[in-house]
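*Asks:* Next come the chains, spelled out residue by residue.
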Amino acid sequence: MSLASQVSAVVRMNVKSIGQRFWPSLSTVVAVMLVVLVLLSFLAMANGFQQTIRGAGRDDVAIVLRAGATTELNSGLSRDQVRLLGEGPGVAHDANGDALLSPELFVIADGKKKATGLKANLPLRGIGAAGAGLRDNLKIAEGRMFASGSNELVVGRGVQREFENFDLGSKVTLGKSQWVVVGIFETGGSVFESELWADLPVVQSLFNRTAAVQTVRAKLDGPDGLQKFKDYATNDPRLKLDVLSETQYFSDQASQTSGLIQYLGWPLAIAMAFGALAGALNTMYSAVLSRTREIATLRAIGYGGFPAFVGTLVESLVLAAVGGCIGALAAWIFFDGLSATTLGASFTQVVFKFEMSPKLVEQGLVLGMAIGLIGGLLPAFRAARVPIIAGLAER
Amino acid sequence: MSDTLIRLAHVEKSFVKGKEKISIFEHLDMTIPRGDFVAIMGPSGSGKTTLLNMLGGIDTPTAGEISFDGQRIDQYNERQLSKWRSDHVGFIFQFYNLMPMLNAAQNVELPLLLKPLSASQRKQNVAAALEVVSLADRAKHYPREMSGGQQQRVAIARAIVSDPQLLLCDEPTGDLDRTVADEILAMLQLLNKELGKTIVMVTHDPAAARYAKRTLHLDKGKFVEREELAA
Ligand SMILES: Nc1ncnc2c1ncn2[C@@H]1O[C@H](COP(=O)(O)OP(=O)(O)OP(=O)(O)O)[C@@H](O)[C@H]1O
Ligand SMILES: [Mg+2]
Numbered sequence: 001m002s003l004a005s006q007v008s009a010v011v012r013m014n015v016k017s018i019g020q021r022f023w024p025s026l027s028t029v030v031a032v033m034l035v036v037l038v039l040l041s042f043l044a045m046a047n048g049f050q051q052t053i054r055g056a057g058r059d060d061v062a063i064v065l066r067a068g069a070t071t072e073l074n075s076g077l078s079r080d081q082v083r084l085l086g087e088g089p090g091v092a093h094d095a096n097g098d099a100l101l102s103p104e105l106f107v108i109a110d111g112k113k114k115a116t117g118l119k120a121n122l123p124l125r126g127i128g129a130a131g132a133g134l135r136d137n138l139k140i141a142e143g144r145m146f147a148s149g150s151n152e153l154v155v156g157r158g159v160q161r162e163f164e165n166f167d168l169g170s171k172v173t174l175g176k177s178q179w180v181v182v183g184i185f186e187t188g189g190s191v192f193e194s195e196l197w198a199d200l201p202v203v204q205s206l207f208n209r210t211a212a213v214q215t216v217r218a219k220l221d222g223p224d225g226l227q228k229f230k231d232y233a234t235n236d237p238r239l240k241l242d243v244l245s246e247t248q249y250f251s252d253q254a255s256q257t258s259g260l261i262q263y264l265g266w267p268l269a270i271a272m273a274f275g276a277l278a279g280a281l282n283t284m285y286s287a288v289l290s291r292t293r294e295i296a297t298l299r300a301i302g303y304g305g306f307p308a309f310v311g312t313l314v315e316s317l318v319l320a321a322v323g324g325c326i327g328a329l330a331a332w333i334f335f336d337g338l339s340a341t342t343l344g345a346s347f348t349q350v351v352f353k354f355e356m357s358p359k360l361v362e363q364g365l366v367l368g369m370a371i372g373l374i375g376g377l378l379p380a381f382r383a384a385r386v387p388i389i390a391g392l393a394e395r
Numbered sequence: 001m002s003d004t005l006i007r008l009a010h011v012e013k014s015f016v017k018g019k020e021k022i023s024i025f026e027h028l029d030m031t032i033p034r035g036d037f038v039a040i041m042g043p044s045g046s047g048k049t050t051l052l053n054m055l056g057g058i059d060t061p062t063a064g065e066i067s068f069d070g071q072r073i074d075q076y077n078e079r080q081l082s083k084w085r086s087d088h089v090g091f092i093f094q095f096y097n098l099m100p101m102l103n104a105a106q107n108v109e110l111p112l113l114l115k116p117l118s119a120s121q122r123k124q125n126v127a128a129a130l131e132v133v134s135l136a137d138r139a140k141h142y143p144r145e146m147s148g149g150q151q152q153r154v155a156i157a158r159a160i161v162s163d164p165q166l167l168l169c170d171e172p173t174g175d176l177d178r179t180v181a182d183e184i185l186a187m188l189q190l191l192n193k194e195l196g197k198t199i200v201m202v203t204h205d206p207a208a209a210r211y212a213k214r215t216l217h218l219d220k221g222k223f224v225e226r227e228e229l230a231a
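Sequence lines, in order, name chains A and B.
For the first sequence, counting from 1, position 310 maps to 310 in our numbering; every step adds exactly one.
For the second sequence, counting from 1, position 184 maps to 184 in our numbering; every step adds exactly one.
Simulated from the structure, these hints should not be mistaken for laboratory data.
Among the hints, a few may not be true.
What the hints assert, rightly or not - Distance condition first, Cα-Cα at most 30 Å in a straight line; then the derived DSSO-like pairs of lysine-lysine:
{"#": "1", "chain 1": "A", "residue 1": "K113", "chain 2": "A", "residue 2": "K171"}
{"#": "2", "chain 1": "A", "residue 1": "K353", "chain 2": "A", "residue 2": "K119"}
{"#": "3", "chain 1": "A", "residue 1": "K16", "chain 2": "B", "residue 2": "K19"}
{"#": "4", "chain 1": "A", "residue 1": "K228", "chain 2": "A", "residue 2": "K16"}
{"#": "5", "chain 1": "A", "residue 1": "K16", "chain 2": "B", "residue 2": "K140"}
{"#": "6", "chain 1": "A", "residue 1": "K16", "chain 2": "B", "residue 2": "K83"}
{"#": "7", "chain 1": "A", "residue 1": "K359", "chain 2": "A", "residue 2": "K114"}
{"#": "8", "chain 1": "B", "residue 1": "K222", "chain 2": "B", "residue 2": "K193"}
{"#": "9", "chain 1": "A", "residue 1": "K114", "chain 2": "A", "residue 2": "K139"}
{"#": "10", "chain 1": "A", "residue 1": "K112", "chain 2": "A", "residue 2": "K359"}
{"#": "11", "chain 1": "B", "residue 1": "K123", "chain 2": "A", "residue 2": "K16"}
{"#": "12", "chain 1": "A", "residue 1": "K359", "chain 2": "A", "residue 2": "K171"}
To be verified - If you only want the chain A side, here are some residues facing chain B, beta carbon under 7 Å, derived:
{"#": "13", "residue": "S2"}
{"#": "14", "residue": "A9"}
{"#": "15", "residue": "M13"}
{"#": "16", "residue": "K16"}
{"#": "17", "residue": "T70"}
{"#": "18", "residue": "L73"}
{"#": "19", "residue": "A99"}
{"#": "20", "residue": "D221"}
{"#": "21", "residue": "S286"}
{"#": "22", "residue": "S290"}
{"#": "23", "residue": "T292"}
{"#": "24", "residue": "G302"}
{"#": "25", "residue": "I388"}
None of the values given here were measured: they were computed from a predicted structure.
All C-beta atoms in this analysis are idealised placements derived from N, C-alpha and C, irrespective of residue type, glycine included.
Using the sequences and the hints, build the whole thing.
*Replies:* Below, the structure is given as structure tokens:
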């Protein structure tokens, strides 16, 4: 009990003295803040990207790719294979008995970004009649769906927001062909909002890809639908195709890019953390030095070294916590919901939002507190070992 | 209880500096009776502070015995010395050594935090100690808001708050002007007379030494003991 009151008295004293060394203390706070801010900006970017891509996927939709293909772009299926897939087990059917299956073709078109005025890749997806129904939360926000057989486009909300001339009614040239925007669709912020959709046969013919299909999306008829469909599509000698749930496919795609963002962010933040650590050490050593006589006086009165140790450590942790919290708060204010585009795995622009989460903030604070802990530890040992006689002689 | 509070016998103290051995005391004997008020004078470097530090258990002799109330404190380890200091010794320094972040009452409370006392008991003792040094009305003031004399009175309150028998003062008036110094010295004298504190005070100032019951002159590690006559 008396140790606790000694420690709390010294801690109170040290924390109050932070204001006395205002500038060095502030520099530590700012350094920790910047580290946390930078780390969180990268983590929020990676997280937002991953959420966007992963959010597009459904568990009850299978995506079929050529064996060994890792993305839609390097996949390709024949017309016969598409037909055979429609006859497979595990696939759901509509009221008319037609398989809920969407063969899709994915071509790269050009768009001009509003922000930079530069050209960027835009994915144009030709979808089958069942295609729209396979997307979650699909909403035609403006206008209507394209009519089959016509050169009409529906445009994802993200594309309309980030690219020039994709508003309702706009006439657009893609490749060598003319299109009309008849609708704007939303899918709850998922990756599809970065796409243009049109009728598959029209895309095939206007882009001279007659009968070519890259992927097939199929609605599954139950929890074991995926396994049945997969067994069929991988084992049938005429197929030998890869089947994944759409969720799995997207999360594979997202993890590469978001991993890359994280692998940039962490080393940068850690390099900065070393700089902040040097600053924190310096601040705390000078704090201990300036308190030498006070510490020695307490020791003469009968205090042990432990209160001085804890007091110094807590002071350092307080500085780090203040910096970390400001950094996290600033990151949340500036970065959460910030819209960005980046190259997705298919070399097209993906529109996504930075997304903060308590878990990321926790990681940022852990890094910040680690700076405070390590930066306080060595000076705290020094404080605990202030020699009484020499310390009292200090002026 | 014997009349002797502190006894030094054959005390030797030396420092090793590089290859050199600096000897400060080769053979020091000294007896301080309970209730004494001793002034220690001597030229700079004669070992006054070193002696005071040994009496207060923050320095230990290289050889020889120091006993306090019959207990061999020279044989205590650091932990025991810490505890012993908090029970028996109050320190008063030339530059007061108050904690700038704490107000007068909080400074005075510091030694009490080492004791198993309740917050209200501590508050009572702090108030009583501040009363003794006539600073009850300054309890909430911070050191920077007080004069040197007031700060030294806070330091005295801190030294006596846990009721130690021994007060050790190293140049307690070295930083104060005459009038204020006299105030402080009168206060120490009062603590000696009324509360029976045993006081050892190092000073350069013969006028200060006159407040003590006797003065010891230290020179080259040896005492020249004599009754100090009123000049
Ligand atoms: N840690 C140490 N290492 C080496 N020498 C020391 C140490 N502490 C004190 N000394 C020496 O011991 C001698 C006595 O020092 P001390 O501080 O006791 O003198 P003093 O009488 O208090 O002097 P002053 O009047 O200047 O305060 C001095 O020569 C000093 O240099
Ligand atoms: Mg001295």
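*Asks:* Against the structure, test the hints numbered earlier, and report the numbers of the ones violated in rising order.
*Replies:* Numbers 3, 4, 7, 10, 12, 17, 18, 19, 20, 21, 22, 23, in rising order.
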